[in-house]
Amino acid sequence: MRRLVSELALVAGKDLRIEARSRVTTNQVLPFAGMVLLLFAFALDPDRGLLPRVAPGLFWVATLLAGLLAVSRAFAIEGENGARDGLRLSGLDPAAVYLGKAASVTLQLLALEAVLAAGMFLLYDVEVANVGLLVLSAGLATAGVAAAGSVYGALAAGLRVRETLLPLLLLPVVAPVMLGATRAWEAALSGAPSEAWPWVQVMAVFAVIYTALGVVAFGPLMEES
Amino acid sequence: MTGSQDGTRLARVMGKGWLTPVLAVLTVGSLAILAVLGLWVAPPDALQGDAQRLMYVHVPVVMVAYLAFGVTTLASVLYLWKRTRHPQWDRLAAASAEIGVLTTALTLALGSLWGRPVWGVWWTWDARLVTTAVLLFLYLGYLALRRTISDPDVRARRSAFAALIAFVDVPIVHYSVEWWRSLHQESTLLPDGRLDPQIEGDMLIALLWGIGALLITYAYLLVQRYRLAALEEGFEGRALEAAIAERRAEADPEPATVGAS
Chain A
1 MRRLVSELAL VAGKDLRIEA RSRVTTNQVL PFAGMVLLLF AFALDPDRGL LPRVAPGLFW
61 VATLLAGLLA VSRAFAIEGE NGARDGLRLS GLDPAAVYLG KAASVTLQLL ALEAVLAAGM
121 FLLYDVEVAN VGLLVLSAGL ATAGVAAAGS VYGALAAGLR VRETLLPLLL LPVVAPVMLG
181 ATRAWEAALS GAPSEAWPWV QVMAVFAVIY TALGVVAFGP LMEES
Chain B
1 MTGSQDGTRL ARVMGKGWLT PVLAVLTVGS LAILAVLGLW VAPPDALQGD AQRLMYVHVP
61 VVMVAYLAFG VTTLASVLYL WKRTRHPQWD RLAAASAEIG VLTTALTLAL GSLWGRPVWG
121 VWWTWDARLV TTAVLLFLYL GYLALRRTIS DPDVRARRSA FAALIAFVDV PIVHYSVEWW
181 RSLHQESTLL PDGRLDPQIE GDMLIALLWG IGALLITYAY LLVQRYRLAA LEEGFEGRAL
241 EAAIAERRAE ADPEPATVGA S
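Listed in order, the protein sequences are those of chains A and B.
Note that my numbering gives residue 108 to position 108 of the first sequence, counting from 1, and the numbers run on in steps of one.
Note that my numbering gives residue 65 to position 65 of the second sequence, counting from 1, and the numbers run on in steps of one.
Accuracy of the hints is not assured; some may be wrong.
To be verified - These stretches of chain B come out as covered by chain A in the derived footprint (C-beta under 8 Å, 3 or more residues):
no.	region
1	129-140
2	146-159
3	163-177
If you are wondering where the hints come from, they were derived from the structure by calculation, not from laboratory data.
The C-beta atom is built at its ideal place from N, Cα and C for all residues, glycine as well.
Modelling step: build the complete structure from the supplied sequences, incorporating the hints.
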């Protein structure tokens, strides 16, 4: 168990270090997500009072789109110079590689969500009634998206068409997370936490199931690609 | 590697020569009888009139869709299970998933046609409709993944995992959508149990017949698609062998011309 954790930290650390040096998430994905927030304001006239009401949904759509890019990126960094073979030959437990990648994606997305949420409060004129619920549901949703995304990232790794394939594979699967996160955030904004409870459960179950699937499936998927 | 030649039980059953004509005749015949039963024998519904006749196709088609995805999941598990691993399960999973996508799309189309006269709308955000739509996209993704991988072993393994991951999602989607609609539904377009009317007599017979007819149709399509997959794999294998033989001939023309003649 201790070995798993240290290997996990090794892989997550490697991915985050690559991100810290390449700045793809901060310099490309984050501005993209911010632009999506602006585009929503163009689509839904800000003067009609629609934006504050639909803000949670818009936020999570923007986050999911950015999440797709983050997942795609997490597996693209091993696409060149036979880095995937290197990872495979490194002797690291595939489960640890999977968890490390998912953890790295989770951390990057959480950072992105923090900035994006600040943008949302700024641009969409939204007020929060329950910050704890907001953070909790964001954490669970992000863990779920990263867990499912990392499985599909491995499924699509090395394919020529993975950029177009990944959205089609991932978006239907994370539809319940999108639904749950949006409802939970609506409850957190309006201050009715009891309504959020089933959604928090859905997201927790989703994150656990897909993490378990990833731990089991990642080894065989890494072996043959 | 070609399914028609290896001796597994599934391949032997699928390879039976009489299967295609028998299933074809049964499919066409039972569908024709279903048309007669559904359009003429069964009486029009007391409330919905003739529109309700769509039920005799709609309900059986949904059942085939669920069955098809169930078979895909089972075949994927059998492929991943080391003791039962065989390319035939991959072929079966692929064949069944294609029929599943077709019938799911058909379900949505038929439901839409039925909804228009009865509910007044083509589409409503009912839990079952949304779940079915997500299901369609889940398996469209599965089929898209299959098309992008050329190596048969890699394709089989990745697709099997993809099928399992998609299948696990179905109940989560179902429950979350159900909660979503029950929390937010303003007007109930579907009164409780409207899809389980107390039907009897000719209506019940038409519905049961429809289920049987569509199951036979499923079997027919499955056998055809399975055989096609086996033939495709055989063809790919042969094309590869031919290409290797050609390259060999280029490198060493003398013995190759002797061998080819």
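Hints versus structure:
1. 129-140: That given contact holds, which follows from 4 residues of the region 129-140 of chain B lying within Cβ reach (below 8 Å) of chain A.
2. 146-159: holds (count 6)
3. 163-177: holds (count 10)
In summary, this structure violates none of the numbered hints.
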